[in-house]
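Quick note on numbering: the sequence shown equals residues 1 to 236 in the numbering used here.
Hints were generated in silico from the structure; no laboratory data involved.
One should not assume that every hint holds.
Taking lysine to any residue and the SDA-like style, the derived pairs with C-alpha atoms no more than 25 Å apart in a straight line are [as the list claims (entries may be wrong)]:
id, residue 1, residue 2
1, Lys153, Ser55
2, Lys29, Pro47
3, Lys153, Leu178
4, Lys159, Lys211
5, Lys153, Phe50
6, Lys105, Asn156
7, Lys30, His76
8, Lys211, Glu193
9, Lys211, Glu176
10, Lys100, Asn121
11, Lys105, Lys159
12, Lys39, His125
13, Lys208, Asp179
14, Lys100, Gln53
15, Lys30, Gly49
16, Lys30, Gly43
17, Lys30, Glu173
18, Lys105, Asn186
19, Lys212, Ser177
20, Lys16, Arg28
21, Lys39, Cys220
22, Lys208, Cys220
23, Lys159, Ile102
24, Lys30, Leu178
25, Lys88, Glu115
26, Lys208, Val27
27, Lys16, Cys45
28, Lys159, Pro32
29, Lys159, Pro23
Pairwise CB distance ranges (calculated) [said to hold, decoys possible]:
id, residue 1, residue 2, range
30, Lys212, Phe50, 21 to 29 Å
31, Tyr35, Arg235, 28 to 36 Å
32, Leu154, Lys97, 15 to 23 Å
33, His111, Arg235, 22 to 30 Å
34, Lys97, Met75, 17 to 25 Å
35, Lys3, Ile102, 33 to 41 Å
For each residue, glycine too, the CB sits at the ideal point set by N, CA and C.
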Amino acid sequence: MNKLLSIYRIIRVIAKQMVGLEPIILVRKKIPLKYHGNKGYGGWCIPEGFINQKSIVLDIGIGEDISFSQSLISMHRCTVHGFDPTPKAISFVENLKPEKFILHKYGLGGHTRMERFFLPNETNHVSGSISQAVHLGAAEITVQLLGFSDILKLINEEKITILKIDIEGAEYEFIESLDFANLSSNINILCIEFHHRWTQFGAVATRKAVKKLEDCGFTCVWRATESNEEFTFVRS
Numbered sequence: 001m002n003k004l005l006s007i008y009r010i011i012r013v014i015a016k017q018m019v020g021l022e023p024i025i026l027v028r029k030k031i032p033l034k035y036h037g038n039k040g041y042g043g044w045c046i047p048e049g050f051i052n053q054k055s056i057v058l059d060i061g062i063g064e065d066i067s068f069s070q071s072l073i074s075m076h077r078c079t080v081h082g083f084d085p086t087p088k089a090i091s092f093v094e095n096l097k098p099e100k101f102i103l104h105k106y107g108l109g110g111h112t113r114m115e116r117f118f119l120p121n122e123t124n125h126v127s128g129s130i131s132q133a134v135h136l137g138a139a140e141i142t143v144q145l146l147g148f149s150d151i152l153k154l155i156n157e158e159k160i161t162i163l164k165i166d167i168e169g170a171e172y173e174f175i176e177s178l179d180f181a182n183l184s185s186n187i188n189i190l191c192i193e194f195h196h197r198w199t200q201f202g203a204v205a206t207r208k209a210v211k212k213l214e215d216c217g218f219t220c221v222w223r224a225t226e227s228n229e230e231f232t233f234v235r236s
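Using the sequences and the accompanying hints, generate a full structural model.
Written out as structure tokens, the structure is:
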């Protein structure tokens, strides 16, 4: 059953690509990869041989699943800085108290500012967003967003081995930001979830973002074939 479901999801993505509803993002470089995190949700493939105990990982947008970070910590004993302003995510990590995982109660934005943050309509859901959507907005809070330069200052680091972002649509703002243009060379590996399924973004926004990543020297080395939303890019 799981295999049939996987095939169905892949076919659904291809069908949407054929009519322009899904972006076609090609894996342009084949290198050895290892999957970290829960299967199907919360995980990414990253290149082998890039991570060691001294590596710095930023996990931005953690929700209630830090399996990706926990896998990296378990295997490499590296330090992970987790960022999320969402109340449920903060409570989850504070109760879990994961080893070598440092929680910061901020979001990532194109620049540093206070911002409206829309919480999910379903009370059992976790992820909120700075973008309005049909599944968000039952309640809203104000959160602190940090630009990438201020995040680097906060953690007192210059070079980032892995930047993982799952920030509910704010990835487009971040990639277009001056901070990213100036500091993208400080990132070795970028793991990102795109939200082109949201009508206010669509496939065009993701194609534009990937073009910007390529212009900044990043190459796609992995995509989640069932969702066409999670990708890993490596600096060329």
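Cross-check of the supplied hints:
1. Lys153 to Ser55: Holds, because 17 Å separates the two Cα atoms, which is no more than 25 Å.
2. Lys29 to Pro47: holds, 11 Å
3. Lys153 to Leu178: holds, 16 Å
4. Lys159 to Lys211: holds, 23 Å
5. Lys153 to Phe50: holds, 23 Å
6. Lys105 to Asn156: Judged against 25 Å, a Cα distance of about 16 Å means the pair holds.
7. Lys30 to His76: Since the Cα atoms of Lys30 and His76 sit roughly 23 Å apart, the hinted pair holds (cutoff 25 Å).
8. Lys211 to Glu193: Status holds; Cα separation ~15 Å.
9. Lys211 to Glu176: holds, 11 Å
10. Lys100 to Asn121: violated, 33 Å
11. Lys105 to Lys159: Holds. Lys105 to Lys159 sits at ~21 Å (cutoff 25 Å).
12. Lys39 to His125: holds, 19 Å
13. Lys208 to Asp179: Holds, at roughly 17 Å.
14. Lys100 to Gln53: Holds, because 11 Å separates the two Cα atoms, which is no more than 25 Å.
15. Lys30 to Gly49: Holds, at about 14 Å.
16. Lys30 to Gly43: holds, 19 Å
17. Lys30 to Glu173: violated, 29 Å
18. Lys105 to Asn186: holds, 23 Å
19. Lys212 to Ser177: Holds: Lys212 and Ser177 sit about 11 Å apart, inside 25 Å.
20. Lys16 to Arg28: holds, 21 Å
21. Lys39 to Cys220: holds, 20 Å
22. Lys208 to Cys220: holds, 14 Å
23. Lys159 to Ile102: Status holds; Cα separation ~17 Å.
24. Lys30 to Leu178: violated, 30 Å
25. Lys88 to Glu115: holds, 18 Å
26. Lys208 to Val27: holds, 16 Å
27. Lys16 to Cys45: holds, 24 Å
28. Lys159 to Pro32: holds, 23 Å
29. Lys159 to Pro23: violated, 30 Å
30. Lys212 to Phe50: 21 to 29 Å: holds, 22 Å
31. Tyr35 to Arg235: 28 to 36 Å: With Cβ atoms ~20 Å apart, the hint is violated.
32. Leu154 to Lys97: 15 to 23 Å: holds, 21 Å
33. His111 to Arg235: 22 to 30 Å: holds, 23 Å
34. Lys97 to Met75: 17 to 25 Å: About 20 Å separates the Cβ atoms of Lys97 and Met75, which means 17 to 25 Å holds.
35. Lys3 to Ile102: 33 to 41 Å: holds, 39 Å
In summary, the structure is inconsistent with hints 10, 17, 24, 29 and 31 from the numbered list given earlier, while agreeing with the others.
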